[in-house]
Amino acid sequence: MSIELINVWYIVAAALFVFGLKQLGSPATAVRGNLLSSVGMLLAVAATLFNAEVLTFEWIIGAAILGAIIGFVAAEKVAMTSMPEMVALFNGSGGIASLFVGWAALYNLDNSTFTYITIVLSIVIGGLTFTGSILAWGKLSEVMPSRAIVFGAQRFVNALLLVALLVCSVLFCLDPSSTSPYLYAIVGLACLFGVMAVLPIGGADMPVVISLLNSYSGLAACAAGFAIHNNILIVAGAMVGAAGIILTNIMCKAMNRSLTNVLFSGFGAAKQASKVEGEVKPINSEDASLILEAAQSVTFVPGYGMAVAQAQHVVRELGELLEQNGAEVTYAIHPVAGRMPGHMNVLLAESNVPYDQLVEMDDINPRIDNIDVAVVIGANDVVNPAARTDENSPIYGMPIINVDHARTVFVLKRSMASGFSGADNPLFFGENTRMLFGDAKASLSEVISHFK
Amino acid sequence: MSIELINVWYIVAAALFVFGLKQLGSPATAVRGNLLSSVGMLLAVAATLFNAEVLTFEWIIGAAILGAIIGFVAAEKVAMTSMPEMVALFNGSGGIASLFVGWAALYNLDNSTFTYITIVLSIVIGGLTFTGSILAWGKLSEVMPSRAIVFGAQRFVNALLLVALLVCSVLFCLDPSSTSPYLYAIVGLACLFGVMAVLPIGGADMPVVISLLNSYSGLAACAAGFAIHNNILIVAGAMVGAAGIILTNIMCKAMNRSLTNVLFSGFGAAKQASKVEGEVKPINSEDASLILEAAQSVTFVPGYGMAVAQAQHVVRELGELLEQNGAEVTYAIHPVAGRMPGHMNVLLAESNVPYDQLVEMDDINPRIDNIDVAVVIGANDVVNPAARTDENSPIYGMPIINVDHARTVFVLKRSMASGFSGADNPLFFGENTRMLFGDAKASLSEVISHFK
Amino acid sequence: MQIGVPRETWPGELRVAMVPQNVKKLIQLGFSITVESGAGVAAGFADEAYAEAGAAVAADHGAVISTADVLACVRKPKAEDIEHLKSGVVSISFLDPFNEQSLVESMASQGAVAISMEMIPRSTRAQKMDALSSQANLAGYVTIIQASFHSAKILPMMMTPAGTIAPARVFIIGAGVAGLQAIATAKRLGARVEAFDTRPVVAEQVQSLGAKFVEIDLGEMGQTEQGYATELTPEQLELQREGQKAVIANADIVVTTAQLFGRPAPVIVGRDMIEGMKPGSVVIDMAVETGGNVEGSVLDEVVEINGVKVIGQGNLPSEVAKNASEMYSNNLFNLLTEFWDDESKTLNLDPEDEIISACVITRDGAVVNETIKNIYSGA
Amino acid sequence: MQIGVPRETWPGELRVAMVPQNVKKLIQLGFSITVESGAGVAAGFADEAYAEAGAAVAADHGAVISTADVLACVRKPKAEDIEHLKSGVVSISFLDPFNEQSLVESMASQGAVAISMEMIPRSTRAQKMDALSSQANLAGYVTIIQASFHSAKILPMMMTPAGTIAPARVFIIGAGVAGLQAIATAKRLGARVEAFDTRPVVAEQVQSLGAKFVEIDLGEMGQTEQGYATELTPEQLELQREGQKAVIANADIVVTTAQLFGRPAPVIVGRDMIEGMKPGSVVIDMAVETGGNVEGSVLDEVVEINGVKVIGQGNLPSEVAKNASEMYSNNLFNLLTEFWDDESKTLNLDPEDEIISACVITRDGAVVNETIKNIYSGA
Amino acid sequence: MEAVLLGMVLMLSIFLGFELIAKVPATLHTPLMSGANAISGITIVGALISAGAQLGTVSTVLGALAVMFATINVVGGYLVTNRMLSMFKKKETGNTGDRT
Amino acid sequence: MEAVLLGMVLMLSIFLGFELIAKVPATLHTPLMSGANAISGITIVGALISAGAQLGTVSTVLGALAVMFATINVVGGYLVTNRMLSMFKKKETGNTGDRT
Ligand SMILES: NC(=O)c1ccc[n+]([C@@H]2O[C@H](COP(=O)([O-])OP(=O)(O)OC[C@H]3O[C@@H](n4cnc5c(N)ncnc54)[C@H](OP(=O)(O)O)[C@@H]3O)[C@@H](O)[C@H]2O)c1
Ligand SMILES: NC(=O)c1ccc[n+]([C@@H]2O[C@H](COP(=O)([O-])OP(=O)(O)OC[C@H]3O[C@@H](n4cnc5c(N)ncnc54)[C@H](OP(=O)(O)O)[C@@H]3O)[C@@H](O)[C@H]2O)c1
Ligand SMILES: NC(=O)c1ccc[n+]([C@@H]2O[C@H](COP(=O)([O-])OP(=O)(O)OC[C@H]3O[C@@H](n4cnc5c(N)ncnc54)[C@H](O)[C@@H]3O)[C@@H](O)[C@H]2O)c1
Ligand SMILES: NC(=O)c1ccc[n+]([C@@H]2O[C@H](COP(=O)([O-])OP(=O)(O)OC[C@H]3O[C@@H](n4cnc5c(N)ncnc54)[C@H](O)[C@@H]3O)[C@@H](O)[C@H]2O)c1
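Quick note, the sequences are listed as chains A, B, C, D, E and F, same order.
Take the first sequence: its position 274, counted from the start at 1, is 327 in the numbering used here, and no numbers get skipped.
Take the second sequence: its position 348, counted from the start at 1, is 401 in the numbering used here, and no numbers get skipped.
Take the third sequence: its position 113, counted from the start at 1, is 163 in the numbering used here, and no numbers get skipped.
Take the fourth sequence: its position 269, counted from the start at 1, is 319 in the numbering used here, and no numbers get skipped.
Take the fifth sequence: its position 44, counted from the start at 1, is 267 in the numbering used here, and no numbers get skipped.
Take the sixth sequence: its position 77, counted from the start at 1, is 300 in the numbering used here, and no numbers get skipped.
So that you can see chain A by itself, here it is in the shape it has in the complex (with noise of 0.2 Å):
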């Protein structure tokens, strides 16, 4: 077969692989869409070769059994709960085959300037991605500690790593060959520093971690397509590339996160151990809706503020839709809520809430700590905290709604204003509290949008 035509057969693997990707964003197609780019990746395989480079095949197809063998086993065998470190392993294994393919390319003859810089790259990437990987493997399968582990010098050392990794590149692309040291060395560090930025990141976090080095060996993938001028790996390896990092970020906003954050607040943590309170964390809508997607008890909790903005309505839309989602939901009244007695009663039964999805505070209190998330339609003495602990408040001794103590919060009020009694609300700033500042009926109603 001529390159040309290999490449033709590239062009439609490279196809495939996009019908594949998009499909598999959709639950109904997901499956569909995983078959397809399989077939491509066999189509690209499969022509691959009849390239006429491709001389010997004994290598090949024992390592291809192989490889196979193991890769086939691992998939079958491995328990549904710990999938995701078997994907991290799966990931490793891509970024050390890109670290070879780089490397081996160092073989061929004619490399341009501009080759080796790929080649560099395509080393660095598939090491950091390999070694990131098997870590990050290890921390979720709990062969290691899963928290994150900091010390003192940590950022000095990163740096210096990072520094050395750059002189050696440099070095090697002014002279490169296949047998300079600073090849070893670069292919040591990139290694060490794979290891280095995934020590400070906490278990719960792996799975943004993952995402992330799956783009990674993605863009690994793609650095090895320039170093052996290879067409598909280029294409699919950036496609992979970026729909990782987009990935990454929303699964970040889900767990209403940055990016930054989940990378570096290891970092922070080693530093700064209590400084979390008094800080307002504001969330916008759209982050709202992910976090609600993913919940499966959700209670609503209204206050004045829901009557003032009129939400009734958006409020019960909202419930039926995370009800149709699967999660379960309640509406928590507090019976000073509003402003006359039976104030949510009279709101919510105009918008047709069910009576049974009612619940009085003392039924929803003992059970609130498995509430995944809580949502307050402008409440705010009803669900402040310092009744229970500030014997200076106001409110103090008055039974509350201890939203506090659900997993996350979300209050929906216009600004940082007290309620009624005029106490300042500590609720605020929870460390599991997110403002979703605006009127309540713009908030929700933007929410709903965001929940297709």
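Read the hints as simulated data drawn from the structure, not as lab findings.
Mixed in with the good hints, there may be bad ones.
A short list of chain E residues far from chain F (calculated; beta carbon distances all over 10 Å) [said to hold, decoys possible]: (1) Ser236; (2) Gly279; (3) Thr280; (4) Val281; (5) Asn305; (6) Arg306; (7) Met310.
Pairs of lysine-lysine, DSSO-like flavour, derived with a Cα cap of 27 Å [unchecked claim]: (8) B/Lys306 to B/Lys334; (9) C/Lys395 to C/Lys75; (10) C/Lys328 to D/Lys295; (11) C/Lys328 to C/Lys262; (12) C/Lys74 to C/Lys126; (13) D/Lys75 to C/Lys328; (14) D/Lys328 to C/Lys75; (15) D/Lys328 to D/Lys262; (16) A/Lys306 to A/Lys334; (17) C/Lys74 to D/Lys328; (18) D/Lys295 to D/Lys328; (19) C/Lys395 to C/Lys328.
These numbers come from a predicted model, not from an experiment.
Note that beta-carbon positions come from the ideal geometry of N, C-alpha and C, so glycine has one too.
With chain A's structure known, arrange chains B, C, D, E and F with the ligands on it following the hints.
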């Protein structure tokens, strides 16, 4: 500038086009998007001028200045209302330019057969885009009759034309030369075909046709790009071609038509003048939402089915969305709608529809001609035109809400079943009626979800 | 043509057959109208309002009766007025022809065209003249207002610092026009509403108002062509009472609306069931005028049985006399205009018309309505 | 400790101070309770229910009074009972200390600790004991039920074959606890509701229930620390009456709730305004017991002025005696448990506590409440 | 080989074009069409090369014609799009003139 | 020239990657990640070429190692993704095991 450097600039230009197109898709960023894409164009043009192949500039400068003046004056002078025809004209220029580029490429010396094929493509597509656009302009600006022009053997003639075009193209490619008589035949036939294709399409459908031709002119540019092995032409041309097709499709949906219906309904009309009646035209929620989005006045006509579906809350919600979208929204209540007097009032009051949006039958009927969309929600007898026209109908003589006089009618119900009185309802077969089948609440929720 | 609107004399009747708004429109059409002085006062329409609308206000009852070509009443005419009627007069009222044979026959012999508003068919076309529906609708609203007035419990749910009040449970038996409106009103006030009807088709209608339909299997059931319920067999009635028992015991308010057109109402809530209810609860018997659905209910009285109030208020529409009059008057207006011949300025009561043939009882000296004729000859 | 629950003897009082549900809980805490026979019957709580809950049911009124360590009443104790009270008894009731100087003083000299439920402060912490609010809330609901019962018009809108009935217009004057609940109830029934209050802060609260706030500029206005309205100057009252005139003329139902704590209610609806209303309309004066907001209203009577019904029903919470008793009883329960010392099994009424200092009127033989002391010495 | 690479470019561009115009509000249909039309004037690049390449008079004249027409398309297209869009900025929900 | 063309390809691919993963429901995050990971095993193509090109033993060994690892990635990746997805088919709104 080396050809490599030029192509790097082309990459930048292409990226700007991508950004530009993306941003054109959202009202907030559209202006910026247009600017970005024009910067991309400037870059592409400037880089091209450094091309080593470009030797003489006199012709270029003269032609460019002339073209710029014409374009500028035309764009500035045109009245806001005749924008679409102006776009058609511009599009036509683009088409003929591609034709000329293809033609000129014949004078290259080392063309492969593949290149000749792409040359023919650029000539054919360019030519038909040119004449088609001119005709579209003519119809829109009423220089010529805007109605669909049809004659007996039209289909046959068109088929003949196509075959001739194909034959000439093949013959030309077999023995390509810049003096081949087939060349002229191709140019002529392509131009003729453009005219024939647009002739049978009515003036009201012209925006869709222009959008389609716009997509073609992109494809023509793309073909020209292959003809002269130029990167940026291919990228920009293909992108615009694809975007144009999608856009055309969206526009068709917003008009509640299919593309084939737009392109060929003229032919249909010629042959079967009055077969329209008796046909039920279903619509899906996505298309319904597109039509509602474009409506300036919407009236909801609720009936017993709204009560059964308990859809009152979603109805109000959709009403509010439409109002925010700038439409005037009313709820027309027939005195006997539902199963008890005031049935609709109870429900709409529950969902907080403001009293002043409720209008009585006698108030809505005189102005229903000016209503863009009447949305019939689970009503049947109370909108049954048979009450006016069919003496044998059990409800003959009952005054009804004349939704059939509105510009478009959506009927939301689950089936073709009749209502309380058991009478058949000719409304469902109306020319301007679209049936949105399914539970009213579910249907409306879907419509709302498409309304972002 | 001259329309006469006498003052209603039936005890407790506050409605009036024609309100000023319609008077005005009818005069524009070519009628002339005499209203007895004080006819509308109880419903909130002063004599001046009628005069302003163009009617003549006459103090003399006899004159109103004897000059009328069309006599518009809510209740059947008094027996002593019949002899003063013009021959050929069109008399419109709730005539109650099933139970008023002698009155009907005397009207026939007087040569009156007696229209019974009860007999307006329940077709879609006749709905605008259907006074039975329009009044039943208001009556349904009134039942719940009465029930909440007499109830020792509030209807809505309230979660307050002084404890949570559960929503009242309301059980509506019979979901016809009145029953449905009662459901709607109780729902509005925030109650938990359940309903039952022997016609299975109404289950959906009950649910369409957000209430729960109580399923009781009575075997084969039906409804007449007009949409009225068929009578239950004694066994079926027993089944129904059995099935309702638990629901009634839990209810704070029970409303019975089960009327059977032209026949005495079935007793469906027995004393035992009332005794099973909580003290402070309320039972409203809408059918009290036709014999009562509730054992122990007394017309126009509130009887207390074991702490449960049984309300037998009759003539419920009259409680909201203003709106009830407006609606009745609109029904009459729609009836008159439907058959008004604008050219000859006469009423054209075509005996072939399906509405006319159903609601005209006497004409040309005889009882002409088929149903009524059969009953009279059968009885 | 022994709690005594006598039967209420105030005319028309149907409530009871303690319901069986709370009896049970209090006994669990360590109280013992005697209930006078028949005390709860009018509110729907039979003697058996009390017995079942663990209370002793005593037929002898005197015994209940004389054995009680805590006397739980709705209304102030009868003068003739005072001398039979134990010294040191804690007497809880709506004592009306502003107007009952001699009663209060005789209680003081008897050595009773008299708690006035009106004087519970309106702090967020005390809200669960605030009987004034809990009863006003129910009263607000009752006003609208009464209004719709007496109205010749229905409240909701109805578009029917027999014409369209416009929604009733309801105007609420004074949007405190009762006024807000009245707004909510009227809205529920489908009326168009407008409201006015002299305190501008409530405009938002009115809107939060979907009603319209009528803007009348009265110049500088205020409210006391407790959230009560300050008294208007005569000029301001005139401004208010002027501003309300048009709204009242259009209204089908007017409800006045403007009470001024401890002072006679201001007259805000004059006879002229009533005469400007349509016949068949209804005016409800909630302040009738403290002098009335409406000129011409008579306690416990329905007066008809020009076809407008003016309703002066007093003791509105008693109309829904069951729920009202439950809520009052809950308030009492919350009060008792708040100050109950579980170890010593005694009530610990710390004079320093802000709730106690506000609501305890007499103690240790003297009138101890500052506000009341000032008024008595001033008067 | 280059032609094949161009094929890859073509494939990617088409997909990208499809993806970019996923959900566009109705009000933007006309400006978007017009903006896309301006981009399709990219054929000007080809025209420039043809006109400047000195492959004979015919070719040059054809090229020059192409340059002229393409310039009309580009200049006119961008300007017109800009005018349309500036309308929107003024009145946000201006549903007039853009009903498609 | 070819390198530049590859640049164009790169640019387009990145954009396409961004556009494709615009809105993905949370439940699909993990499978999507896994699926993308399988695609990134495309490096197998490079590995094949390296292993087969006979540029010396070192290169071949490196290539073979690369083939093995890449195959693990590809085979394992696709299979695992498929397993995850087939879970969804069974219980439609299964929110378990995929909380990210
Ligand atoms: N239930 C009764 O009978 C009664 C009677 C009188 C007083 N109270 C008192 O009222 C309080 C009730 O507590 P609560 O938590 O319901 O109310 P709250 O403490 O008064 O707080 C209401 C909150 O809603 C927010 N809000 C207002 N308008 C909003 C809008 N349009 N959109 C979003 N948020 C809005 C306000 O914050 P922003 O301004 O920042 O938006 C405010 O902090 C208690 O202190 C109670 O004692 C109750
Ligand atoms: N107002 C009164 O007092 C009163 C009393 C009694 C009778 N009526 C009579 O009732 C009729 C009222 O007319 P109308 O137009 O309101 O009702 P209708 O003619 O009975 O039509 C109702 C329509 O709603 C559809 N539907 C039912 N459930 C639905 C759901 N879940 N989602 C979507 N569509 C649903 C049904 O079609 P599908 O089955 O195909 O969905 C049906 O055709 C008149 O004939 C009137 O005379 C009125
Ligand atoms: N076509 C029209 O336009 C039109 C107009 C008005 C009414 N209607 C229909 O006519 C029907 C009857 O209306 P109505 O309110 O005058 O009826 P009604 O007053 O005669 O009876 C009231 C209801 O009680 C029910 N009932 C009878 N016996 C019962 C029993 N033992 N237990 C429980 N329920 C019992 C009946 O089924 C009926 O629903 C309704 O379905 C109504 O929709 C139709
Ligand atoms: N902190 C708490 O928890 C709590 C508890 C209960 C009540 N409150 C508040 O206390 C306030 C008073 O409640 P209330 O219902 O007992 O008051 P109230 O019964 O004393 O008065 C009723 C209403 O009438 C108004 N009013 C007085 N004169 C008027 C006039 N001339 N015209 C119109 N309106 C006039 C008052 O402003 C008040 O709103 C309310 O704002 C309430 O929210 C607070």
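Structure-based check of all given hints:
Taking the minimum C-beta to C-beta distance to chain F, about 6 Å, the non-interface status of E/Ser236 is violated against the 10 Å cut. At roughly 26 Å from the closest C-beta of chain F, the C-beta of E/Gly279 stays outside 10 Å, upholding its exclusion from the interface. Chain F leaves E/Thr280 outside its interface by the beta-carbon criterion, the shortest separation being 30 Å against a cut-off of 10 Å. A cut-off of 10 Å between C-beta atoms confirms that E/Val281 is not in contact with chain F; the least separation is 29 Å.
For E/Asn305, the condition that its CB be more than 10 Å from all CB atoms of chain F holds, with the nearest at approximately 24 Å. Distance check on E/Arg306: its Cβ is at least 28 Å (rounded) from any Cβ of chain F, clearing the 10 Å threshold; non-interface status holds. Chain F leaves E/Met310 outside its interface by the beta-carbon criterion, the shortest separation being 28 Å against a cut-off of 10 Å. With a CA separation close to 13 Å, the supplied pair B/Lys306 and B/Lys334 stays within the 27 Å bound.
Only pairs whose Cα atoms come within 27 Å are accepted, and C/Lys395 paired with C/Lys75 is accepted, the gap being roughly 14 Å. Restraint check for C/Lys328 and D/Lys295: not satisfied, since their Cα atoms lie roughly 45 Å apart, outside the 27 Å limit. With a CA separation close to 21 Å, the supplied pair C/Lys328 and C/Lys262 stays within the 27 Å bound. Our distance criterion of 27 Å between C-alpha atoms is met by C/Lys74 and C/Lys126, whose separation comes to about 24 Å.
Straight-line distance between C-alpha atoms of D/Lys75 and C/Lys328 comes to about 22 Å, which keeps the hinted pair within the 27 Å bound. Proposed proximity of D/Lys328 and C/Lys75 is supported: the alpha carbons are some 22 Å apart, at most 27 Å. For a cut-off of 27 Å, the pair hint linking D/Lys328 to D/Lys262 stands: about 21 Å separates their Cα positions. With a C-alpha separation of about 13 Å, the suggested pair A/Lys306 and A/Lys334 falls inside the 27 Å cut-off, and the hint holds.
This hinted pair checks out: C/Lys74 and D/Lys328 have alpha carbons roughly 20 Å apart, not beyond 27 Å. A distance of roughly 13 Å separates the Cα atoms of D/Lys295 and D/Lys328; the hinted pair therefore holds under the 27 Å criterion. Pair hint C/Lys395 plus C/Lys328 does not hold up; C-alpha atoms about 61 Å apart against a cutoff of 27 Å.
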